[in-house]
Each structure stands twice: as structure tokens, then as C-alpha cells.
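Chains D and S supply the protein sequences, listed in that same order. When we follow our numbering, the leftmost residue of the first sequence carries the number 8, and every step to the right adds one. When we follow our numbering, the leftmost residue of the second sequence carries the number 829, and every step to the right adds one.
Hint data in this document are derived by calculation from the structure and do not stem from the laboratory. Keep in mind that the hints are not guaranteed to be accurate.
Unchecked claim - The list that follows gives simulated cross-link-like pairs (lysine-lysine, DSS-like), each with its CA atoms no further than 25 Å apart:
| hint | chain 1 | residue 1 | chain 2 | residue 2 |
| --- | --- | --- | --- | --- |
| 1 | S | K1039 | D | K158 |
| 2 | S | K836 | S | K862 |
| 3 | S | K1039 | D | K146 |
| 4 | S | K1039 | S | K969 |
| 5 | S | K1010 | S | K1039 |
| 6 | D | K132 | D | K158 |
Claimed, not checked - If we take Cβ atoms under 7 Å as the criterion, some of the chain D residues that face chain S in the derived model are:
| hint | residue |
| --- | --- |
| 7 | G55 |
| 8 | R57 |
| 9 | A76 |
| 10 | P79 |
| 11 | H80 |
| 12 | G86 |
| 13 | L89 |
| 14 | V95 |
| 15 | I97 |
| 16 | Q113 |
| 17 | G118 |
| 18 | P120 |
| 19 | L122 |
| 20 | G124 |
| 21 | S181 |
Just so it is clear, the structure is predicted and the values come from calculations on it, not from any experiment. Backbone N, C-alpha and C fix where the C-beta goes; we use that ideal spot for every residue, glycine too.
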Amino acid sequence: MLRIENLHATVAGKPILNGLTLSVPAGEVHAIMGPNGAGKSTLAYVLGGRPGYDVTDGTVTFDGQNLLAIAPHERAAAGLFLGFQYPVEIPGVSSLQFVREALNTQRRARGEPELSGAEFIRLAKAEAAELGMDAEMLKRPVNLGFSGGEKKRSEMVQMGIMRPRFAVLDETDSGLDIDALRTVGAGINRIMRAPDKGVLLITHYQRLLDYVKPDKVHVLSKGRIVRSGGPELAHELEREGYAEAAA
Amino acid sequence: MTALPTRKLEAFRYADIDALASVWSELAQPEHVKIAAQQKLQQIWLPNGEEIEVRRAEIIVEAGAEFALFALNTATEYGRIELDVTLREGSHFTLNAANIGAGTSTLEIVTTVRHAELSAVSRQCIRSVLGGTATGSYLGKVAVARDAQHSDGEQSVKAMLLDRGATANCKPELEIYADDVKCAHGATVGELDADQLFYAMSRGLDPAAAKALLLEGFVMGLWDDAQDGDAIRAAARSALRSVT
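Please model the complete structure; the sequences and the hints are all you need to start from.
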């Protein structure tokens, strides 16, 4: 479904990804773990198409389509969702307005009918309830004044509303307490666990993987995958640390 | 008739004098607005669609009265909103206004707010969105008279530049002769935030829609307290679309 081959990328001229190869078939959840500075967030941003993250070599295809050739909003319309490590605040724009416009733009791009205001509100309220978020928060400006945990829940509510085919989730577990971690983990399973969907779960710690069981775990170090294995690899990393496991 | 002003006058230093000359005969004399003691008044000033549009008003807010003005300045060639406001004891004045322009337009909001007596409150909130080689200015003086203790004045001025050639002038000014007053002002000039743009695009908004949405967030809060504000909201939204 998502196929990354020999990906090289620089940020401000500095090489961060150095020949990363990775393939996530439909129906699977893969976790990417690695120490600070390994290039985890850079990978997420490159997949999302953030300006300033320059691909210098390699390919990324999404269902056979060259992902790197299309703009960020086209990637979203194609079914890619990027969950931000630090979700951005947008003053003056309510979450409801933001997500509705984004969703309807995606739907137009795919030739699907737009959701009416009432349909959208119903959907948004249902998703907020699933993720334990007060629906009143959706009326507030996007992420403004939210705590770290509230921002992550809000990302998952957006994902639930948009129903992407593939999610790249960048440290969605950071800033979550134990209860929120369980709720968010259940949300990821509910929204994304399906034979035609895939997830790339970028995380620093093993704890989210207790709730979202990965099919494969990859260790990222110095911009490339240095080890791959089953879920047991995450436990080994937790026990022994990255330095040992990556050696 | 009053002589045509020149740019040597501080209040006209950024004005388009040629454009002003073409309408000066009609509006050398400002309109007068008086809010009687203890009364409340709200006005919404919508653009009339002319290329050159100048409105000048002398406003007196009598003791205990409240006046709220919502104004949108979008003339394609030259737009000027000029207010001279006198506040009597305990009165309250609010101005929420926006300059939205592109092309070569010159837009300005020039205010003098005189806290003439005790305990008056003024709140001015100005947002400018400027593209092309447009110039948007706010010159705002808050003058507190010697005996006008407990005056409370605030000016919040922010401008967003969409293109390299656009210019914003922000000049909040205080002239205070009383010693027990509260006057605050803040001014910023910036561009659209790259993080916000990418976030919006990663959710599926195309670049133009993402920009328009962020600019709405920047401007539309001005009209939150306007009664019957639908027309000014629609006019502002359409002006924003035309500059992005």
C-alpha cells in the first residue's frame, strides 16, 4: 500500500534520511521506533509533503501512485492522514469549520458529494463522543488553548471524521496520560484497523503498542531502518535501549 | 470650504491626495454623530463599492453613552475612514475595523479619540490584510485630557502582508495629560504562518482555500459582537477572497 524505497531527504541542506526503505501492505500496522534525532518526524513530514523537507533521492508510492509528485492537499484527498506530533493552533477558525471545509474539499476532489452542515455535525459529535472529547470543544478555535493531550485527541477526532485510508501518526502518544492513551489506542484500532487500510505509527516508547498491536516494528537510526521484526522487537527495545538493539 | 490637506499634515501623511482631491468638495465637512447621554448606538459602515471612498465623522459620545462602530475599508483605489471622537464622562467607544486591499489601493483608518472627561473607555481593534502593492495604514491617537482620570484606552493593530510589495503602517499614539489612566497599545505586522498553512493543507485544503481560511480567522473575529453583522461578514469574506 505504502512503499518507500531508498528515501534520502534533507532539511535546510542537512541530510536526515539516508536510504530509508520500508513497505506497509494494506491491512497492517507498522511501528517505527528510534532515538531522538533518528529522523522519525522528518519521515512523517516528508510523507505529508511539508515545504522545506527536500527529497534528494528515492521513491514513495501510495497504491502505485507517486506520492512525492503531488501536493499536500492532494495527498490528503488520496487518503493519507498525517497526525501531528505538535498539532497547530489556528486562532479565529473553529474546529467545526476547519474540519468541515477540509473534508468537503477532499470529497470534491474525489468526486464525492459534500456533507451538509447537519450531516457533518452529527458525524463530528459521534467521533468526539467515541474519543471522549467534549463536543463543545469543536466550536472553539482549532487546538487553541488545548492541553497536549486534548490536541492529540482532537487529531484523532479529525482522523475519525475524515476516515483516511492510510495514517502516519507522529508520536500521537506523547502528552497522553494512561486513560487517554487507552482511548486513543482504541480509536486508532476502530478507525484504521481494516483490510484496506494501513498505519505507520511513529513512536518513542513502547506503551502505545500495548493498545495498538503492530504487525511489524522497525528501528530507525541515522535516517535508515536498521532492524525490523515482530511486536516482540518493541519489548526488546524497551528493555535494552536503542543503542543495544540498533547495534 | 476647507482647503485640501497635504501630506505634510500628520493625519494625511500616507493619504492618496490626488484621489482625495476628486471627492474633497463633497466631504470637506465631516458628518456628525452624537450619542445622547446614557444611550447606546451601534453602526456598521459597509463599503459602497466605489473606487474612491472617504468617510469622515466627528463623533461625540455623551456621559454614560456607548457607541460601537464596525467598519470595513475596501475601496480599490483609495479608502479612508477618519474619526474624531470625543468621550464624555463614563462613556464607552468601540471601533472594530478592517482594511482589506490588493492591487495598488491605499487604505487608511485615521482616528483621534479624545478622553475629555473622567472614566471613559475606548477600544480600537484594527486588522489589515494587504496584497499586491496595496498600502494599509492605521494612525490612531488617544488623547487624554488633564482631568480625565481613570481613562481606559486600548488599541490593537495587526496587519498581514500577502505579497512582497504590500505595505502596512501602524501608528498607535498616546497623548496623556492625566496621571491616573490605563492606556495600552500593540501593533504587529506579519505574514501567514507557514506551520498553519501546512497543517491546513495536510488536512486537504488547497493552498488558496487554506490561505482564505487563515485570513478569515485573522479578520472575522472583529464582527463577533456586531448585531445584524451578516452583511459586513459577507462583505469582508468576499473582500478576502478577492485579495487571495
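Comparing the hints with the structure gives:
For the proposed pair K1039 (chain S) and K158 (chain D), the alpha carbon gap of about 22 Å is at most 25 Å, so the pair holds. Distance hint between K836 (chain S) and K862 (chain S) is unfulfilled; the C-alpha atoms sit about 30 Å from each other, more than 25 Å. Only pairs whose Cα atoms come within 25 Å are accepted, and K1039 (chain S) paired with K146 (chain D) is accepted, the gap being roughly 20 Å. Annotation: proposed proximity of K1039 (chain S) to K969 (chain S) is violated, straight-line Cα distance about 32 Å (limit 25 Å).
The straight-line distance between the Cα atoms of K1010 (chain S) and K1039 (chain S) is roughly 36 Å, outside the 25 Å bound, and the hint therefore fails. Between K132 (chain D) and K158 (chain D) the alpha-carbon distance is near 16 Å, which keeps this suggested pair within the 25 Å criterion. Interface restraint check for G55 (chain D): the shortest CB-CB distance to chain S comes to about 5 Å, inside 7 Å, so the restraint holds. About 5 Å separates the beta-carbon of R57 (chain D) from the nearest beta-carbon of chain S, less than 7 Å, and the hint is met.
At its closest, the beta carbon of A76 (chain D) sits 16 Å from a beta carbon of chain S; the interface hint therefore is violated under the 7 Å criterion. This hint holds: P79 (chain D) has a C-beta 4 Å from the nearest C-beta of chain S, less than the 7 Å allowed. Restraint check, H80 (chain D) versus chain S: the minimum CB separation of about 5 Å is within 7 Å; hint holds. The beta carbon of G86 (chain D) is not positioned within 7 Å of any beta carbon in chain S (closest approach about 10 Å), and the interface hint is therefore violated.
At its closest, the beta carbon of L89 (chain D) sits 5 Å from a beta carbon of chain S; the interface hint therefore holds under the 7 Å criterion. Hint on V95 (chain D) holds. Least Cβ distance to chain S is approximately 4 Å, under the 7 Å limit. Hint status for I97 (chain D) relative to chain S: holds, with the closest Cβ pair at about 5 Å, below 7 Å. This hint holds: Q113 (chain D) has a C-beta 4 Å from the nearest C-beta of chain S, less than the 7 Å allowed.
Checking G118 (chain D) against chain S by beta carbon gives a least distance of about 14 Å; that is not within 7 Å, so the hint is violated. The beta carbon of P120 (chain D) is not positioned within 7 Å of any beta carbon in chain S (closest approach about 16 Å), and the interface hint is therefore violated. A least Cβ separation of about 13 Å between L122 (chain D) and chain S goes past the 7 Å threshold, and the interface hint is therefore violated. With a cut of 7 Å, the hint placing G124 (chain D) at the interface with chain S is violated, because the nearest CB-to-CB distance is about 16 Å.
At about 17 Å, the closest approach between the beta carbon of S181 (chain D) and any beta carbon in chain S exceeds 7 Å, and the interface hint on this residue is violated.
In summary, the numbered hints that this structure violates are 2, 4, 5, 9, 12, 17, 18, 19, 20 and 21.
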